Amino acid sequence: MLNSNKVKELTVASEKKASTVSSSLISYIIRRIAIGLIMMLGITLISFCVTQLVPGDPAAVNLGQSAMSNPEIVARWRAEYGLDKPVPEQYVIYIKKVLHGDLGISQQSQRPVSTDLGEFFPATLEIAIFAILISLLFGLIFGIISAINRDKWPDQLIRFFSLTGVSVPTFWLSLVFFYIFFFKLRWFPTNGRLDPGEDAPSHVTGIYTLDAVLHGQWALAWQAFRHLALPAIVLAIYTIAVLTRFTRASVLEILGQDYVRAARAKGLSEFLIIKRHVLRPALISIITVAGVAFGNLLSGSVLVENVFSWPGLGQYAFKSAIGLDLPGIMGVSIVVAGIFITINLIVDLLYRLIDPNMRQSK
Amino acid sequence: MKLKDFFGRKGIAFASISALIFGTGIFASASSIAATNTTLIIDSEFNHKTVDPGREFESGGNMLVRAMYSTLMTFKGGDAGKPIPDIAVSYSGNADSTVFTYKLRKNAKFSDGTPVTSKDVVFSLMRLKNLKGNPSSLMDGITATAPDAYTVVLTSNVPNTAIPVIVCSPSLGILNSKVVTANGGYSTVGADTKDKAEAFLNATSAGSGPYNLSKFSLTTEVVLVANPKYWGPKPKYTKVIFRNVKQEVQRLNVLSGASNIAVDLSPAQTDGMSGVNVIEGVSTTVWFLYSNNNPAVSKVTSDANFQEAVRYGLNYADLVKFAGRGATQAAGIIPSAFQGALKSSDATVRDLARAKAALAKSTYANEEIGLRYWGGGAWEGISFDSFATKIAAQLGEVGIKIKLLPTPVGAALTTYRDGSDTMGLWFWGPDWPDSSNYSQNFAPGLKVGLRAGWLAGANPTVTDIVNKVALESNAAKRATLYRNFQLEINKKSPLMPLLQSPAILVSTTGVKGLAVNPIWKINVAELS
Numbered sequence: 001m002l003n004s005n006k007v008k009e010l011t012v013a014s015e016k017k018a019s020t021v022s023s024s025l026i027s028y029i030i031r032r033i034a035i036g037l038i039m040m041l042g043i044t045l046i047s048f049c050v051t052q053l054v055p056g057d058p059a060a061v062n063l064g065q066s067a068m069s070n071p072e073i074v075a076r077w078r079a080e081y082g083l084d085k086p087v088p089e090q091y092v093i094y095i096k097k098v099l100h101g102d103l104g105i106s107q108q109s110q111r112p113v114s115t116d117l118g119e120f121f122p123a124t125l126e127i128a129i130f131a132i133l134i135s136l137l138f139g140l141i142f143g144i145i146s147a148i149n150r151d152k153w154p155d156q157l158i159r160f161f162s163l164t165g166v167s168v169p170t171f172w173l174s175l176v177f178f179y180i181f182f183f184k185l186r187w188f189p190t191n192g193r194l195d196p197g198e199d200a201p202s203h204v205t206g207i208y209t210l211d212a213v214l215h216g217q218w219a220l221a222w223q224a225f226r227h228l229a230l231p232a233i234v235l236a237i238y239t240i241a242v243l244t245r246f247t248r249a250s251v252l253e254i255l256g257q258d259y260v261r262a263a264r265a266k267g268l269s270e271f272l273i274i275k276r277h278v279l280r281p282a283l284i285s286i287i288t289v290a291g292v293a294f295g296n297l298l299s300g301s302v303l304v305e306n307v308f309s310w311p312g313l314g315q316y317a318f319k320s321a322i323g324l325d326l327p328g329i330m331g332v333s334i335v336v337a338g339i340f341i342t343i344n345l346i347v348d349l350l351y352r353l354i355d356p357n358m359r360q361s362k
Numbered sequence: 001m002k003l004k005d006f007f008g009r010k011g012i013a014f015a016s017i018s019a020l021i022f023g024t025g026i027f028a029s030a031s032s033i034a035a036t037n038t039t040l041i042i043d044s045e046f047n048h049k050t051v052d053p054g055r056e057f058e059s060g061g062n063m064l065v066r067a068m069y070s071t072l073m074t075f076k077g078g079d080a081g082k083p084i085p086d087i088a089v090s091y092s093g094n095a096d097s098t099v100f101t102y103k104l105r106k107n108a109k110f111s112d113g114t115p116v117t118s119k120d121v122v123f124s125l126m127r128l129k130n131l132k133g134n135p136s137s138l139m140d141g142i143t144a145t146a147p148d149a150y151t152v153v154l155t156s157n158v159p160n161t162a163i164p165v166i167v168c169s170p171s172l173g174i175l176n177s178k179v180v181t182a183n184g185g186y187s188t189v190g191a192d193t194k195d196k197a198e199a200f201l202n203a204t205s206a207g208s209g210p211y212n213l214s215k216f217s218l219t220t221e222v223v224l225v226a227n228p229k230y231w232g233p234k235p236k237y238t239k240v241i242f243r244n245v246k247q248e249v250q251r252l253n254v255l256s257g258a259s260n261i262a263v264d265l266s267p268a269q270t271d272g273m274s275g276v277n278v279i280e281g282v283s284t285t286v287w288f289l290y291s292n293n294n295p296a297v298s299k300v301t302s303d304a305n306f307q308e309a310v311r312y313g314l315n316y317a318d319l320v321k322f323a324g325r326g327a328t329q330a331a332g333i334i335p336s337a338f339q340g341a342l343k344s345s346d347a348t349v350r351d352l353a354r355a356k357a358a359l360a361k362s363t364y365a366n367e368e369i370g371l372r373y374w375g376g377g378a379w380e381g382i383s384f385d386s387f388a389t390k391i392a393a394q395l396g397e398v399g400i401k402i403k404l405l406p407t408p409v410g411a412a413l414t415t416y417r418d419g420s421d422t423m424g425l426w427f428w429g430p431d432w433p434d435s436s437n438y439s440q441n442f443a444p445g446l447k448v449g450l451r452a453g454w455l456a457g458a459n460p461t462v463t464d465i466v467n468k469v470a471l472e473s474n475a476a477k478r479a480t481l482y483r484n485f486q487l488e489i490n491k492k493s494p495l496m497p498l499l500q501s502p503a504i505l506v507s508t509t510g511v512k513g514l515a516v517n518p519i520w521k522i523n524v525a526e527l528s
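Protein sequences, first through last, are from chains A and B. One point on numbering: in the working numbering, the residue at position 216 of the first sequence is 216, and numbering is uninterrupted. One point on numbering: in the working numbering, the residue at position 120 of the second sequence is 120, and numbering is uninterrupted.
By construction, these hints were calculated from the structure, which means they are not laboratory data. Any given hint could turn out to be false.
Cut-off 16 angstroms, straight-line C-alpha distance, at most; resulting in silico cross-link-like pairs (EDC-like, lysine to aspartate or glutamate) [claimed, not checked]:
(1) B:K236 / B:E526
(2) B:K239 / A:D195
(3) B:K477 / B:D96
(4) B:K196 / A:D195
(5) B:K356 / B:D418
(6) B:K239 / A:D199
(7) B:K215 / A:E80
(8) B:K215 / A:E198
(9) B:K103 / B:E45
(10) B:K403 / B:D418
(11) B:K477 / B:D464
(12) B:K119 / B:D148
(13) B:K299 / B:D385
(14) B:K492 / B:E397
(15) B:K194 / A:E80
(16) B:K512 / B:D148
(17) B:K299 / B:D346
(18) B:K492 / B:E526
(19) A:K319 / B:E45
(20) B:K215 / A:E72
(21) B:K492 / B:D318
(22) B:K447 / B:E472
(23) B:K239 / A:D155
(24) B:K390 / B:D464
Quick caveat: nothing in here was measured; it's all calculated off a predicted structure.
Could you build all of it, start to finish, from the sequences and the hints given here?
Structure (structure tokens):
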């Protein structure tokens, strides 16, 4: 039996350890954020330089034929967007503005880039969240079923579909799904985030389903959800396929470990073996893939957004690039860089939650 | 192993709930689609950047602004040659086409009920000029004055026979000067820096047209509602929703009735469509090829024999077929809808023997000649890549090796506009619907001429015609001069007019009175 002093010592040691882990976690997060900010600065520099290297005159894209032949109009336009200054000076001015929260004015929309991003990013976030949830659910289930039925028909069937999912071009798939599920079957509404002429819910997050729920507009939330479903499913198909294949591989690898065989020998049910001894270690690598996939969903949904008239970040990036809209391109670069840096940080933190060994390590 | 053994009851229950959620979403009935008798849904690929009349200059912007703002004169249906009264009931011009006087109707009102007066017209037109924006060139050399409350006088520095059609442009839409001024609008010199009314005008219309702006977006949808104070005939549709929809999806939407009108379909996309109305017209967009006339850019392409080889080596009939139903060969650089347009019998016809003979006489030595165009671009259903490939194949039959140079639009426009490309494939849509827009651009030393290396003095005959037509106020004589101008271009120039794009609108059968207008595509107020 432990005496009270011993208990006290153990308690103090435990608190000290917890405090050390906690402060080490905080310093880790701070370090990662600092590195992330430096990386974002580097990304802005690279994006800026690459944009300058692209041949072409933004004025030529944004001004009409007649306006381009009027030097006064061209000069005024260049001055308005700061393009009349030397390139290094343009970059310094840009960074100073960014540090003050000003991402500049988009040459395409002629609105502050931050306003544009505030409108477009939540639309992409909404579709990406829904897509990743679908992907995780089905990717994990299919991957596990496939692994535990290795080389049997369920495995063959799932592998066939996952290979197809990885191989089919998203643009084509979008059109086919739209044709079948909207045009032929009428299961889903047409393109757009809401029905034609419908007013969006008052802005809280910019995620319509959530905003509508927050305002108690249940019918609108349901409408937004139904508009969201088809593009999200199309977007999820590739990710489901990737996660299925990855889960299958990870589970198969772990199923061959000695401790899994030992668990079986102990007579544990297959469900408990998978739940306790297989899924947890497999999750570490699955989370990495899911994190990257989520980043890709956020930054690479342009084709789906195009077909479904989804006013998201992908469409904005595409239009900015075509229009040589430097502030727009830079704004998107910063957001996408921020997404990947944040996701990587979250994934690393999740490692620590899942894997006790990593939690102990500094 | 059974699923139940593996997942357990919780797992099965979780999967069932998930399936239920997604299943409910999937099998939900389709949305309340499309149109009622009073709501119209129009699908197009958005290209507008604003609905401030003084700043907009895109085809999509024209369609929207046309519905919200009256102009001095306008066009009816698909016509773009004969101005008819709008805010002005009549106009007259002086002999040398430097002064035009417009008499305004007295019953016209803005959407807030205040009367439209000459003060508003002068404000709007001078604001457009002094904003120095994209469409400001329409007011180049023109000044608006108001001798009384219902008379407006437009005075041009130089003879300008195009003023009667220029005033039909939606960019010259009449703004409520009091409202716009109160919201940061300026019309005087310095408006380019002082005017801050664009944001206001993108949220609230201040016009006297049949519709008011209800909702504005550059990316999703624009909603217009009928203006209760409109002074003209009430439009049939009380609400018009313009949606930004991809071309491929527009087809399915209009077929299913989820929209009433699809704006951007190509002829091929309308093949096999049934249960809808397909309205065909010819666009005023003229596609042309040029062979740079500047020896400093290329000794080969500037060679008149080489240019002749290209001109007669092209199979125009085949190009028209490629462009699809509704396309026509451009007999000259001026589109068929405008004054002085050439007849189809004047069009160049392929003569392979003549082309080969001319090539043999030229300085061409079997080298590759670069042809620049907007890579990946398309306009009015015609893909630049396919078009350029077709041209390269046809010129290959003559013996000319073309090196295709697909280039992103920004870069392609830059080299096109600085005149440094050896050959180029482009199109021209008129800044204003009049032949003068062509004589003022497609001549030696002028805008497009310079882009094609056609320097001043390169063809004195063309220059002489251009100078004469600028001063000629007699319509019949102008028409003759425009014809001669084009015939000379077809005979000896670096420019080869190719074709006029098809213009197609598809609507559900309930939509009546739809016509393709070359300037604003659709006038929604005309629909019945």
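The hints, checked one at a time:
1. B:K236 / B:E526: Measuring from Cα to Cα gives roughly 8 angstroms; hence the hint holds.
2. B:K239 / A:D195: 14 angstroms, holds
3. B:K477 / B:D96: Holds, at about 14 angstroms.
4. B:K196 / A:D195: Violated: B:K196 and A:D195 sit about 33 angstroms apart, past 16 angstroms.
5. B:K356 / B:D418: 31 angstroms, violated
6. B:K239 / A:D199: Between B:K239 and A:D199 the Cα gap is close to 14 angstroms, so the pair holds against 16 angstroms.
7. B:K215 / A:E80: 27 angstroms, violated
8. B:K215 / A:E198: Since the Cα atoms of B:K215 and A:E198 sit roughly 10 angstroms apart, the hinted pair holds (cutoff 16 angstroms).
9. B:K103 / B:E45: Not satisfied, since the Cα-Cα distance of roughly 38 angstroms exceeds 16 angstroms.
10. B:K403 / B:D418: Cα-Cα ~20 angstroms, so violated.
11. B:K477 / B:D464: This hinted pair holds, its Cα atoms lying about 14 angstroms apart.
12. B:K119 / B:D148: 9 angstroms, holds
13. B:K299 / B:D385: Violated: B:K299 and B:D385 sit about 26 angstroms apart, past 16 angstroms.
14. B:K492 / B:E397: 22 angstroms, violated
15. B:K194 / A:E80: 12 angstroms, holds
16. B:K512 / B:D148: Outside the cut-off at roughly 40 angstroms; violated.
17. B:K299 / B:D346: Answer violated: B:K299 to B:D346 is near 29 angstroms, above 16 angstroms.
18. B:K492 / B:E526: Not satisfied, since the Cα-Cα distance of roughly 44 angstroms exceeds 16 angstroms.
19. A:K319 / B:E45: 12 angstroms, holds
20. B:K215 / A:E72: 33 angstroms, violated
21. B:K492 / B:D318: Distance of about 23 angstroms is beyond 16 angstroms: violated.
22. B:K447 / B:E472: Violated - the C-alpha atoms of B:E472 and B:K447 are around 21 angstroms apart, more than 16 angstroms.
23. B:K239 / A:D155: 54 angstroms, violated
24. B:K390 / B:D464: Violated: B:K390 and B:D464 sit about 35 angstroms apart, past 16 angstroms.
Hint compliance for this structure: hints 4, 5, 7, 9, 10, 13, 14, 16, 17, 18, 20, 21, 22, 23 and 24 are not met, and every other hint is.
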